[in-house]
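*Asks:* Residue numbers (this note's numbering), protein chains in the order written: chain Y, 1 to 109; chain R, 1 to 113.
Do not take every clue at face value.
[Stated by the list, open to error] To be clear about the criterion: a stretch of chain R counts as covered by chain Y if any three or more of its residues have a C-beta under 8 Å from a C-beta of chain Y, and this derived list gives those stretches:
| # | segment |
| --- | --- |
| 1 | 37–49 |
| 2 | 55–62 |
| 3 | 100–106 |
[Said to hold, decoys possible] Quick list of in silico lysine-lysine cross-link-like pairs, DSSO-like style, CA-CA up to 30 Å:
| # | chain 1 | residue 1 | chain 2 | residue 2 |
| --- | --- | --- | --- | --- |
| 4 | Y | Lys42 | R | Lys1 |
| 5 | R | Lys57 | Y | Lys42 |
| 6 | Y | Lys57 | Y | Lys42 |
| 7 | Y | Lys108 | Y | Lys79 |
| 8 | Y | Lys63 | Y | Lys42 |
| 9 | R | Lys13 | Y | Lys42 |
| 10 | Y | Lys42 | Y | Lys59 |
| 11 | Y | Lys59 | R | Lys1 |
| 12 | R | Lys57 | R | Lys1 |
| 13 | Y | Lys79 | Y | Lys42 |
| 14 | R | Lys1 | Y | Lys63 |
| 15 | Y | Lys69 | Y | Lys57 |
| 16 | Y | Lys63 | Y | Lys108 |
| 17 | R | Lys57 | Y | Lys69 |
| 18 | Y | Lys59 | Y | Lys108 |
| 19 | Y | Lys79 | Y | Lys59 |
| 20 | Y | Lys108 | Y | Lys57 |
| 21 | Y | Lys79 | R | Lys1 |
| 22 | Y | Lys68 | R | Lys57 |
| 23 | R | Lys13 | R | Lys57 |
| 24 | R | Lys1 | Y | Lys57 |
[Stated by the list, open to error] Here are some chain Y residues the structure puts well away from chain R; computed CB gaps all over 12 Å:
| # | residue |
| --- | --- |
| 25 | Ser18 |
| 26 | Ser20 |
| 27 | Asn22 |
| 28 | Thr26 |
| 29 | Arg61 |
| 30 | Thr65 |
| 31 | Lys68 |
| 32 | Pro109 |
It should be emphasised that the hints constitute simulated quantities derived from the structure, not laboratory data.
Each residue gets a CB set at the ideal place from its N, CA and C atoms; glycine is no exception.
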Amino acid sequence: EDQVTQSPEALRLQEGESSSLNCSYTVSGLRGLFWYRQDPGKGPEFLFTLYSAGEEKEKERLKATLTKKESFLHITAPKPEDSATYLCAVQDAGNMLTFGGGTRLMVKP
Amino acid sequence: KAGVTQTPRYLIKTRGQQVTLSCSPISGHRSVSWYQQTPGQGLQFLFEYFSETQRNKGNFPGRFSGRQFSNSRSEMNVSTLELGDSALYLCASSLSRAPDTQYFGPGTRLTVL
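Based on the provided sequences and hints, a complete structural model is requested.
*Replies:* And the structure:
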């Protein structure tokens with residue numbers, strides 16, 4: 001059974017204070033690892049897809065990396081508008097996503 | 001390009017009733033997946049439809065069912081509603097099956113009284 005664990009559950013940062021979110025996973029036959037951002041009351045918004053260990057993707061202040069056991073979402077100089085819940089999910093041989101519990105990020109001005 | 005749309009956005013039902021939720025995928029997307037999101041359990045996979053056939057099913061009771069139409073639009077149905085069915089129901093679409101990025105709709109907030 002696929003499992004995804006995200007840490008920390010919640011993270012408070014000051015504006016400009018860089019940090020990293022962790023996503024540890026076990027999956028049989030990883031087809032892809034996905035990062036989503038979710039604002040309260042809304043559906044998850046796609047951020048990145050990573051397919052193999054060593055792969056990195058960047059978008060504005062966010063950078064996602066992938067190893068064989070975990071993925072990191074690095075946030076550089078965050079702004080208050082980056083406050084959201086960040087979700088990690090793995091995709092196995094089917095088209096099913098298994099999600100972690102998410103990290104709730106709060107960035108204070 | 002229009003995103004995934006879900007209707008209705010909000011729904012209030014009472015125990016024992018049944019409900020049907022609708023999802024229109026992004027144009028050209030043929031795979032539709034459904035998820036249930038609750039504060040306690042997080043996001044959990046319900047089922048996936050591709051070419052009008054259910055391809056995957058999560059660990060939910062038979063009260064939860066769905067279907068997909070020839071235009072890729074999908075509906076999910078929950079019969080004999082229970083209080084624990086209160087949740088945000090999310091639909092996601094992708095061009096094809098794995099590996100492919102799934103794009104989510106805004107969700108339907110179901111409250112069971």
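*Asks:* Hints broken by the structure, by number, lowest first?
*Replies:* No hint contradicted; all consistent.
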